[in-house]
Each structure stands twice: as structure tokens, then as C-alpha cells.
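Visitor: So the chains spell out like this:
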Amino acid sequence: MFGAGCAVMLAIGWIAFPAMLYEKTAQPIQFSHKIHTGEKVGLSCEDCHSFRADGTFAGIPALDKCAGCHSTQVGESPEEKILVEQYVAKNKLIPWLVYARQPQNAYFAHVQHVKLAAIPCERCHGPHGSSDGLPPFERNRISGYSRAIWGPNISGLKSHEWEGMKMDDCSHCHQERGVHESCLDCHK
Amino acid sequence: MKLTRRDLLRIAAGSAAGVFFTPIPWKVLDDSAIWTQNWPWIPQPSRGEATQKLSACTLCGAGCGIRARCIDGMPVSLAGVGGHPFGFGTLCAAGLAAHHLAFHPLRTRTPIRRTPGHGVIESNSLTLDQAIEAVSQRLGRNAVVAVLDRRPGRIISFRYRQWLGSLPGGLYLTPPATEFGSLAALQKCLKGSPDVGYDFEHASCIVSFGTPLFDCWGSPGRMVRLLEAKRTNGTPTVIQIEHRYSRTAMFADTWLPAFPGTEKAIALSLLNVLVRDGAIGEAGKKSAAALLGGGDATTGLTLVNAFNPESVGNATGIEPAKIVSIARMMVEKKPTIVLAGGDAGAGPYDELLQRATVALNVALGSVGTPGGILTRTTSPWESMAKGPLAPPVSLTDVADHSIDVLMVDAAEDGCWLPWPVIDRKLKPGNALVVSLSPFDAGLARHADIVIPTSAPLEQWEDVPAPVDAPQAGFALSAPLMAAPEGTITAADVIRRLSLGTGAGIDGAAPLDVIKDHVKMLYDQKRGAVQTGSTRVAVKDIASADALFEQLGNGGAWFDDTKSPTPALLASLNPPYTVLPTVEENRVPEARAGKKGSVILVPCATKGTAGTGETSPVLSKLFQESTLRPFGANVFVNPVTMDNAGIKDGEAITVTTAGSSASAVAHIDATVMPGIALFPVGPDPEAINQSPGGGGSIPGCCSDNQKTWRLTPATLGRA
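Protein chains in written order, with our numbering: chain A, 1 to 188; chain B, 1 to 718.
With the rest of the complex left out, here is chain A (with noise of 0.2 Å):
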């Protein structure tokens, strides 16, 4: 009984209870990477996640990045067809759910990172920039943030360096790399 107890316990430590911590919500677009990165279109990260005079990093772009291309509709797929009805005929911002988001209290500069440390994208974000559509924002019911900060596996155990986005993750990259870390940097 004291076994089974366990096992029970086990299997809603490690099934159960990461499909109820996470609500999943779909992004407002299935927006394809892959399309835009590949031959036919032919773009790179920085084309639409790019940096600014000043250094500061525009992140996800702002519907006239998009607009841009976008102002009819030049393909024929039902995504584009909502992109181009929805948002960019209203002027309306697609209200992106974003996987990356960090607290108030920590601050990045991608600038340092991506120019001065010349570290690739896709060593914090992994094939994402290659990706056919966007996984649903898994949110996390108590913190509010999404399951990409913590990692898809619940243990917290990463089988690629680009799983997770908490500060241990940024603190063993740095010690990997010897650079020297302090509170300020990242905590204003």
C-alpha cells in the first residue's frame, strides 16, 4: 500500500502535474519560420530582429516589419490570410505571447551578447529560428511565465544548451565562457 502510495504520488508528480501546471494558449498567427527563412524568401534573424542605431534590440517585430511585405496578401495560406485581415488591414498589434519573457528585474542587453560575444541565436533559442510554426505559450499557472524559462522537462533537465532561460542558465553559460559576472550587471 505504502508502494503504491508512491507510485500513485509519482505519476502525479511527473504526468499529472505538468499538464495542469502549464495552461497552453496558441499563438495569435502560425507564424512559419522556416517559409521565411528558406530559399524562396531568403531572410536572416536580424532582417526582422534587428538592432537599432543605439544598440537597443527591437525584438519581436512591430506589424509595419511585417506590413511591410504583407500590406495583401502574397501567398495562400489561411495564417497569412488572418495576418493580413486582422492585423495589418486594422493596424491592430498581434498580441504576440512571448516565450523569452524575463522579469522586470533582469536585464539583457542582446547587443552584448549577439555583437560583442558573437554568440549565435540559436544558442539561446534553438531551431526556433527554422521552425514551421510556433508551439503553443505554455504558461505557468503560479510564476505566470512561460514553460520556456524553466525548460520543456519538468525535472529541469536540459538535453540541449538552449533549454531554459533562468539565471543558473545564464550563470553556467558565463562560468563556460569566463566572463565575470556580477549582481549589477544584470539586476539595475
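Heads up, none of these hints are tricks.
Pulled a few chain A residues facing chain B out of the computed Cβ check, cut under 10 Å:
hint, residue
1, Ala11
2, Leu21
3, Gly55
4, Asn105
5, Ser155
6, Gly156
7, Cys183
Calculated from the structure, these hints are not laboratory results. Quantities reported herein were computed from a predicted structural model and do not represent experimental measurements. A virtual CB, placed ideally from N, CA and C, is assigned to each residue, including glycine.
Assemble the complex: chain A is given as a structure, and chain B must be docked to it using the hints.
Guide: What follows is chain B alone, placed relative to chain A:
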């Protein structure tokens, strides 16, 4: 199968045991911690457009460049500016949090009137007009009126001098030279007293008596670059002579442990070796000796001869061979710079040591040569100031009990200035102390009236080149926030006080004043503006507005006028015709083991010395870690601890001739036996408690009014 109560209990027990092998408790704990950080009532910075502003830090004289990230116009984080001519990309911990200070709990936005001795604060009962009127009433014809300016050389400094120059009893006071005592000492020995600065970048050897070269001294960014160059190229060789194995000593090539008070004997002994070896030439020998002999080289040489390494070694416990080897290295590795002092908490070194460093620099040919100490032109603002200017006078050179009205400017130099050093200069009983300060902290705590001024980064300011820079110059500190209602600029205070005296003090806004001065500089076509590694001559800049814009975008102006050629004065005061004997420098009895006897030596991290207005973020350096010591703690060698009969972490009493105080004792093997190191700030927990800052250890100002460096004390169990 029927489940019994026992079965249910077993299942529950199994579940309870099993839960620890699931992510549930750990993940819920982690996520709950994050949840608590995002409660809706926790203040968040406002959302808005992210912009960037360039400015310069004004918390000390280093003037490091600042790049501020602003959200909706409010600074949310500061960083250094790579390539900035003063900061070189560096910002110290205090500077990184400079934008917090405007919101410090000790910030004052209304005048404060304090009844001295009673601690009663009548704030909000005084308007600005009433505060200024209260000061005006004390500016009688015969009153001795002084302004204490801890960062001379700014445009406002010349306003003060202009105003004081119009008063019969006006005194413009500067603090005792703590950080740059050696430069001040050399200045006094040169004809015309030109400004001087170090050319570290071309030096091959630096001999430092206790100067924290690589620990926030001078221009931290410059010294960090020097350290990086040293790591890469191996030069300069650094010899650190001091009483503890400090951060600088750790980075130095050689640390020579020197008990406090023995430094001058060591310096004279180094000179003795140079003379004895014949390594410095007749001219150098005579000049150096004359500096000590009141202008007479023969007298000076006779005196130096007594300080041979063998006698000094006997008196100080240092191996004579070590002294000889350092002296010879100074010659072999020329150009060599010798300097003394600079810990932000400790007081100035004594004048004899400083004179000895001058003599060593002269003997080594380091004065006026690349890699040594260079003269530089005076501030361009001096020629632009109108009317007679009150000359700068060191606070400690003023007669005791002579000042009727003392006004204290808000600017800090990052170093501790104990209140008793100032207090003894005031006429007892009815002297008026006025603090022009945004904070009711530090020296303002001793003021009778506090007039609220702008906090750092709230107004336009000019930032003179750091004192140790080999060239005169300045940068601009642009405001990142608006100063609140009710504050006033120092210039406006002086203007209002000067009405009727004919001093003609301009009351224009700081930005307009700076623009006027920049225009005058432009009209003179003087100097060049450096931004990063690019230097553009002023004569090649299109307009005064363009010059101002370059300065406002992280540039700094440097003078290109020929610097004066240094020439030594023929006679000097004091003449040092009688030097202390080597015996008088024998290691004091305190080190010999008298129970609990120590020499109390204050210390501090620059920018946090004896002040109360530090950002709470600095608690990460001081209270939440062991990175930096802070007030009400005393650090002693294990031998000293044993000798005093106290234990690590124990509450103790520190007793000096004048007072006693409580502290906590800590072991620190880097401190020499017989010394108790005590930090004079910050003491964030003492907010609203500590009068005048400096922790709760008694001030070290006894009869020696010139310094507070060394105080005999006794440690004992509380």
C-alpha cells in the same frame, strides 16, 4: 478489496514519501517565489519608450561617463561609456546606482533648521526665502565667512571664490588633500604652484605608500586600464608599501608591510640609498636634499644620511636588503612615480612623508618628464571668472575657532572628512553652519540650516578632469531627471546672498552658464574635444553649439595650451631642518603586545566614506556579502585578537583618549598585528541614526588637527 484505515494511512504515507521524488515540492516552491515577486502592489518601473542618454557621474572627482537607459524618460539603469576620456567605460558600484539617490529616504526637498545640540529639527517651518534670509543676517561686515568646497575647479567653485573675494572676511576652503596628497605636496614646492598630474601610462615603476591604486582611487577606469596593461605587458612595476595586504597589494609586484607611522622613515631610507649609491646625479641629489633642508642641500643631506637602511630596518622591522633592492629598482626602472596616501577613509599622510615623496620624485627626475608627474594648465574657468577671487585655503590651515559662517557645498569627493576637523575651526557657541545639500546626511547632519539643492544627475554640471589627470579638461554631466520643486541651485543661493555686495554673481540657470563658458572657450579656439579615441581641435569645430553638442554626447574637452615648466622653489616651508630620528619611528609599543593596545586606522571604499546617502543596492557589497567592510565593525589580525583577549564576531568596546564606542571584532589576516582597521561607511542600517555618518566608531581626531589617520586605542570585551 476492502481498504482499511491502515491501508489509507499507508497510501498517504507512501504518497508523502513519494512526493519528494517528484518535481511538485521543488517546482511549486520555485514558482511561488517568482509569484511573490509579481504581486500587483509591488512597484514597477513605468512602461514606455526606451531611450538612451549620455552624462557623467558627479559622485566624486573621477567624472566617469554614464550611459543611462531610460524608460519613458526616467533612468532605469546606468552603465559606463566605453572609451570615455575620464571613465574609460568604468562605473564603480556607487556610480552604477547614482540614479537611485534622488529617491533616497534622506532626500530633503524643504529647508531644515536644526537647533544644535538638541537635535530638534524644525523642517517645513522654513521657506527657502527664510532660510536664505537667516544666512544673510549673519553676513555682517566683520564676519568670517567660509565656503567648504570638496570639488574645487568647477564653474560653481569660481562663483564661490568670486563671492568670497568680495567679502572682507571671505575664505574659500578646500578639504585636506587626502586622495592626492602627493600632488598637493609637489604643487607647494613648485614656483607658481601649477596644477600637476600623473603620467601613469608611460611610467615603468610606481612606488605607492598606501595609495589604493587599483581599488577605486583616482580615476578607477584609468587605473583598471593600467592594471590590464600591466597584466599584458608586465609594466609598470608596482611596489605597494602599506600596513595591510590590500587589493592593490595583491595586484602589486611587491608588497612591503609597513606599520603605520613608519612610512616616512622608509621613504627617507629609499632616498638615503639613492644618494649613497650615487645613482641620481649631483643635481638630483642636491635638489632632493634641499627640499628637506629648507633650501640647503648640505643640511638636507646630513639629515637623510641618518636614515640608512640598517637603522631604518632596525626601527621598522623591515629587512635592510629589501629597502636597498626597492631603491635600486626605482632607478633601474625609470621613469618612476612615487606617491603616498589616498584611502578614502584614512586621513592625509603627514607632511614629512609627502615632502619625502616629492624629494624622491625630484631625485629620480620624474617631475616634468613623461612617465612621471607633469604640470598642467589651470582651469580655463579661472580666466573667465570676474573680480578678485578668494584664494583656495586648506581647511586644516585655517586658525581654530575663527569662522563665523560656514557654508558646505553639496559636492562630495568620495573621501571621509570627520566633523571634528571642521568643528574646531568654528567660533564656539554661535557659528552658523549652512549645508547646501539634497540630503540630510553626512556633514549636513551637523548643519544649523540645510538648504535643499539638486541631487546628483538632476542638473547640468561641469565635471573637471580628475585631479590626477596629466591634462586640464572637463566633461559635462547632463541631467537625467528634473530637480523637484523647492530645490535651488548653489549659484542661486550665492547670487541672493551677494545682492548688495557688488560681487555681480550671475544667477542664470546652470545650462545657460555652462553654454556661456563653452562659448567663451570656443571663441578662444582653445583645446580639443575627445570622444572615444577621436580628438578634434576646437578650432576645427563649426560652432559653439556644435562644441556643446559634442561635449553633451560623451565627449570631454582637453587643454592644448603649453603647460608651465616646473621649477622648484628655492626655500620651502616647513624646512624640516630637524627630522624625527630613526628611533622615533620604531614600531610602537602597541605592536609589542600591550594587552588590547592597537593603532586605530580608518578605511573606506571611495564614494561611501562617512555618508548616509548610498543606494540600498550597495547593501549587496557591504551587508549581504563580505566583499566590503562597513561601519561598527573592526578588523584585526589573529595575533592582535589573541592579545586583546577577544574572539571573532564578539561585541567589543573600542576606547580612545576621547571616547569609546561599541563594535564587532572580526579576524582579518591581511591586517598587520597591532592595527585595528575600521571602516567609516557606509552604514545603511544607520540611516536616520548616525549623525554625520562614519559609523559608530569614535572619530579619530585628537589634538592632531591635520589628520585622523592613526589613533591609539584599546580593544576590550564589551
